[in-house]
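Asker: Keeping their order, the protein sequence lines are chains P and V.
Taking my numbering, the leading residue of the first sequence gets 1, the next gets one more, and so forth.
Taking my numbering, the leading residue of the second sequence gets 1, the next gets one more, and so forth.
Rather than coming from a laboratory, the hints here were simulated on the basis of the structure.
Keep in mind it's a predicted model, so treat the numbers as computed, not measured.
All C-beta atoms, glycine included, are put in the ideal place defined by N, C-alpha and C.
Watch out, some of these pointers could steer you wrong.
Sample of chain P residues with no beta-carbon within 10 Å of chain V, all distances over it, derived [to be verified]:
#, residue
1, 3
2, 4
3, 57
Simulated crosslink set (EDC-like; lysine to aspartate or glutamate; CA at most 20 Å straight-line) [claimed, not checked]:
#, chain 1, residue 1, chain 2, residue 2
4, V, 3, V, 218
5, V, 211, P, 68
6, V, 80, P, 70
Short, incomplete list of chain P residues facing chain V, as computed with Cβ under 7 Å [as the list claims (entries may be wrong)]:
#, residue
7, 30
8, 52
9, 60
10, 67
11, 73
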Amino acid sequence: MKRISLILLTLLAVSGNLFAQAAEAPVAMADKLREDGKIWVVVAVVAVIFAGIAINMLRIDSKLRKIEKELNIK
Amino acid sequence: MRKIWWKILCIVIIFYVIIMGFMGPVPRLAIINESIRNTYFHVALWLAMTTLLFTSMVFSIRYLNKGRIDDDDIASEIAKSAIFFGILGCLTGSVWANYTWGDPWPNDPKLNGAAVGILIYLAYLLLRSSFEDEQRRARISSVYNIFAFAVFIPIIYILPRLTDSLHPGSGGNSTFGSYDFDNDIRKVFYPAIIGYILLGLWLAELRIRIKQINRVREEALIDAGKL
């Protein structure tokens, strides 16, 4: 299992550099947003929200575990 | 499934998807522009939903084989989190379609198929809630679940490809894989699917455990002669 995942990981790392993209056409993208660096703020906000959801779910998980222990479920 | 490591893995993967999904390089395409990043969030949601529905069907078959009520619990709760993903998929798809196709619900066979598919699964929930007897409910809804999946796949994946659809891979449109799906997208897209699948399983697992706790308490009450 460990070896397989290691092989997969190396394949993933190698495959990234195989196909270089051709010359870019001038298509409007949010380059300005990225230059200013402010997009990180949005990423941070989304990450914080998801962190909150994750912590909440983990807490529900541990509460359920406590009840299960009381009732002797597995 | 009570182990914690896959839940941590789920959180890590979703953080990776959030960060790389916004910041990672994407191909520059006309009309969709930056909204190509929705591939990570909207398309992955549907694929995760399909996987979850397939898992649900497998547990339904297992219930019919072995007759253990636990398998039916697992099947129904996984189906519920899949339906949750499906409804989110419809909503996110509407937002995306509004800005790239110019209409929140264009009369596209894939959209209508998805809506019908979700209705089929809502009928599954309705069917479940209409039985009092546990074994009877489990048996009939398991059979329904198998048929529902067998209808869902053609409706959402095969029929739209036979007619003209705005979605990639249908009618005259090329698939994602042929032009726009470069390796930068793959590196985020595949983890996104796995992350969503794990999240759906986690949601289902929490509900399954609540169900089991309720069952144990009910049995305890029956033993004590209070019911």
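Asker: If a hint holds in the structure, say so; if it doesn't, say that too.
Answerer: How the hints compare with the structure:
1. Taking the minimum C-beta to C-beta distance to chain V, about 19 Å, the non-interface status of residue 3 (chain P) holds against the 10 Å cut.
2. For residue 4 (chain P), the non-interface assignment is confirmed: its Cβ lies about 15 Å from the closest Cβ of chain V, beyond the 10 Å cut-off.
3. A Cβ of chain V approaches the Cβ of residue 57 (chain P) within 10 Å, the least distance being about 7 Å, so the stated non-interface status is violated.
4. Among the hinted pairs, residue 3 (chain V) with residue 218 (chain V) is inconsistent with the structure: their alpha-carbon atoms are about 26 Å apart, more than 20 Å.
5. Straight-line distance between C-alpha atoms of residue 211 (chain V) and residue 68 (chain P) comes to about 11 Å, which keeps the hinted pair within the 20 Å bound.
6. A C-alpha spacing of about 27 Å is found between residue 80 (chain V) and residue 70 (chain P), which places the hinted pair above 20 Å, so the restraint is violated.
7. Annotation: residue 30 (chain P) was flagged as interfacial toward chain V, and the flag holds, the nearest CB pair being 5 Å apart, inside 7 Å.
8. A hinted interface residue such as residue 52 (chain P) counts as satisfied when its beta carbon comes closer than 7 Å to some beta carbon of chain V; here the least separation is about 12 Å, so the hint is violated.
9. Proximity of residue 60 (chain P) to chain V holds as hinted, the smallest CB-CB distance being about 6 Å (cut-off 7 Å).
10. The closest approach between the C-beta of residue 67 (chain P) and any C-beta of chain V is roughly 6 Å, which is under the 7 Å cut-off, so the hint is satisfied.
11. Given hint, residue 73 (chain P) at the interface with chain V, holds; its Cβ is 6 Å from that chain's nearest Cβ, closer than 7 Å.
Of the hints listed earlier, those the structure fails to meet are numbers 3, 4, 6 and 8, in rising order.
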